[in-house]
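K.L.:
One letter stands for each residue in the lines below.
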Amino acid sequence: MTQRDEIHASLFVTCIIDQLYPQVGVSAVKVLRKHGVVVDFPEDQTCCGQPLYNSGFTQKARQLATRVLDSFSLSDYVVVPSGSCAAMLKVFYLELFAGDSELQERAAELAGKVYEFSEFLVKVLDVGDLGSRFPAKATFHSGCHLLREMEVRQEPLSLLGRVEGLELAPLPQADTCCGFGGTFSVKYPHISQGMMDDKVSNVLSTGADLLVSCDMSCLMHIGGGLSRQGHQVDVRHIAEVLEGLPEEGGQRLG
Amino acid sequence: MAEVKTREFVSASDSAMKDASLRRALRQVGGGFNEARLEAIEEVSWETWEEWREEARRTKIHALENLDYYLELLHDRVTAAGGHVHFARDASQANSIVAEIARSRNVKIATKSKSMVSEELDLNQSLEANGVEVYETDLGEYIIQLAGETPSHLVAPALHKTKEQVSELFHQELGVPLTDDIEEMARVARRVLREKFLSADLGISGANFLVAETGTLVIITNEGNGRLCTSAPRIHIGITGMEKVIPSLQDLAVFLRLLPRSATGQRLTSYVSMVTGPRRNDDEDGPEEFHLVLVDNGRSRLLADPDLREALYCIRCGACLNICPVYGKIGGHAYGWVYPGPIGAIVSPALVGLKEAKDLPHASSLCGACREVCPIRINIPRMLLHLRHRLAESPLETENATTTGERQAAQAYSWLMSNPAALSAAAKVGRLVQKPFVSGGKVSKRVPLPLVSKWTGGRDLPALPRQTFREMWAQGLESVAELRE
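Here the protein sequences come in this chain order: F and P.
At position 181 of the first sequence (counting the first as 1) the number is 181 in this note's numbering, and the numbers step up by one without a gap.
Basically this note's numbering = 1-based index in the second sequence + 1000.
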């Protein structure tokens, strides 16, 4: 890519953002547009199939995955504001379609185009100045799939480090799972919440008033615990933070 | 075979979560192992560590692919060194072999060093039923034997017990004064066990590795008890799973580097014992007889299963237990059988039956930490997913454990997510239906749907927003104002 304004990317918004946190999708689009990306949204997209895949319903997961292959077959880039859903598209589809060479080939083609949102900003757009401010004391939670499947570790931290007014406190035991785990969270809620309690304690120990992540599923879980336990910690997707808060009395940035 | 309680996973894990002293014990020990492991790796550099992992994995793949050859070689070399090799199809056959050796040699007292396979077989119970007194000599194993319990960790069997509980146990069972000095407790155990070592007719050990080319049984310990078990009594029986065989002494080197570092962060354990046959004529000590019992007990099923075979590469270091956030919450006993934690969630279903242990493959958030720490790079999450797949969709009645409700839920989800128009309609309906249950932007009243109520038991759930993203996109994103309720 020689010129930024030529970059076209398709947003795979993820079903959880579509259905529960649409403002995150809006922020993601705004940030991408601000950095010159022409964003499209294939409207027949739904879910990547991970809940079915992780529950063992591989055949049904394949049906949804095949829809994703179709929806994004013409995209240059597929940007996913979730490390976990991105990992499903990029890593697990290859395993899901093992034994079907044609679909596996299409999955491999898709995999080459898939980027998690923060990864896309850093690796493809190479963004410099973000031009956003978000005054808060924040800490960052990295989802397990972002870390271990996407191997995206520094990108979100480097971006957040450049947000004006944002103080970033390191999260103790940052590599430990928060306990969401998809169906695990409702199959064994007692264990899931035990893990969440540890994460909540670690978040509180930083003194942060804002918890940021690249995954709304983790944030729904940890944020749900923070809120239930009466802690005043805001939770935000990284796209919202990078979009920034409006200048006082001014226009919303981006 | 050891009693199988895998069906009780949900209630057992729930009780474990509520057990304050277990939580304290897990917090103290689990994290320490992992920190020590990291330090030991950093000392040799990550680059070297990855080379070692690669080499060890290659060796395991090769050994298991040629298991028939190496078992035969092992058999020949052990025999040539004057030992006897026995192959046991299952637990009861393994127990019979050991019992028969004990009976025919008039064995009264046996000392044992740590062996997970003997736990799998419930060998102690079988020997005791045949009139043999059995004494565990690994300190952790001794503690749980006194307490009448089973190991809760592959390397640290009494990890679930606090030192206060051990002191109380020694006080009650051995009549010694209460103490909070761990070394004093170890001294007590040593004093008791010395007598047993000297009076035992039979020493039983497991094996960390079996070297085929030399017919050598290798055990690594920190307490020296393994060496006493294998050398002091007149008979030594080594009993282990048939997957422990590796081709050569050369291959052993990398495993001796990987295993202690992965298990406890040690560069090397205090003792590495290598046993080749019984005492030779010019040896000053050692047993008169050496027997090696190689146990299948379901392992050949794993070997024949390309999707699960790599579970046999496990060297039982326990690193996956130490890193696992689920194990860290519930400990080992909740898993309901001998092998706990992430690797146990694969091995137990394979050995006791998938349907019998159907909860175990789901007892993971699939965070992938186990795969990351495994010295043999065993892809545990991939196998957990595979087992879940069999539970959900296997055509075999012996594997498929999905309830009609689960199948219907998956069907409904799959249908909804295949029909964007239906999804949009469902969101509209949801916004209306949720009204009585919602206030302040979240679900504030109990919703009579199990999926929702299981979530909201300890976590808030956001209310459905006024619009979905797709609705906003269709209207043009520029027109959208502030969305957060």
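Each hint should be verified, as a subset may be incorrect.
Stated by the list, open to error - In silico lysine-lysine, DSS-like type, Cα no more than 30 Å apart, as pairs:
hint	chain 1	residue 1	chain 2	residue 2
1	P	K1018	P	K1163
2	P	K1435	P	K1445
3	P	K1108	F	K34
4	F	K187	P	K1005
5	P	K1454	P	K1005
6	F	K123	F	K137
7	F	K187	P	K1445
8	P	K1018	P	K1005
9	P	K1428	P	K1018
10	P	K1454	P	K1435
11	P	K1355	P	K1445
12	P	K1428	P	K1442
13	P	K1454	F	K187
14	P	K1355	P	K1018
15	P	K1108	F	K187
16	P	K1454	F	K123
17	P	K1163	P	K1005
18	P	K1018	P	K1454
19	F	K137	F	K34
20	F	K123	F	K113
21	P	K1454	P	K1442
22	F	K34	F	K113
23	F	K34	F	K123
24	P	K1428	P	K1454
25	P	K1163	F	K187
26	F	K137	P	K1442
27	F	K187	P	K1018
It is worth saying that the hints were derived from the structure and are not from the lab.
K.L.:
The structure should be examined with respect to each hint, and the outcome stated for every one.
P.N.:
Going down the list of hints, with the structure as the test:
no.: 1; hint: P/K1018 to P/K1163; in the structure: holds, 19 Å
no.: 2; hint: P/K1435 to P/K1445; in the structure: holds, 10 Å
no.: 3; hint: P/K1108 to F/K34; in the structure: violated, 82 Å
no.: 4; hint: F/K187 to P/K1005; in the structure: holds, 19 Å
no.: 5; hint: P/K1454 to P/K1005; in the structure: holds, 24 Å
no.: 6; hint: F/K123 to F/K137; in the structure: holds, 26 Å
no.: 7; hint: F/K187 to P/K1445; in the structure: holds, 21 Å
no.: 8; hint: P/K1018 to P/K1005; in the structure: holds, 19 Å
no.: 9; hint: P/K1428 to P/K1018; in the structure: violated, 41 Å
no.: 10; hint: P/K1454 to P/K1435; in the structure: holds, 20 Å
no.: 11; hint: P/K1355 to P/K1445; in the structure: violated, 36 Å
no.: 12; hint: P/K1428 to P/K1442; in the structure: holds, 17 Å
no.: 13; hint: P/K1454 to F/K187; in the structure: holds, 8 Å
no.: 14; hint: P/K1355 to P/K1018; in the structure: holds, 27 Å
no.: 15; hint: P/K1108 to F/K187; in the structure: violated, 49 Å
no.: 16; hint: P/K1454 to F/K123; in the structure: violated, 39 Å
no.: 17; hint: P/K1163 to P/K1005; in the structure: holds, 27 Å
no.: 18; hint: P/K1018 to P/K1454; in the structure: holds, 18 Å
no.: 19; hint: F/K137 to F/K34; in the structure: holds, 25 Å
no.: 20; hint: F/K123 to F/K113; in the structure: holds, 12 Å
no.: 21; hint: P/K1454 to P/K1442; in the structure: holds, 15 Å
no.: 22; hint: F/K34 to F/K113; in the structure: holds, 21 Å
no.: 23; hint: F/K34 to F/K123; in the structure: holds, 16 Å
no.: 24; hint: P/K1428 to P/K1454; in the structure: holds, 23 Å
no.: 25; hint: P/K1163 to F/K187; in the structure: violated, 34 Å
no.: 26; hint: F/K137 to P/K1442; in the structure: holds, 25 Å
no.: 27; hint: F/K187 to P/K1018; in the structure: holds, 18 Å
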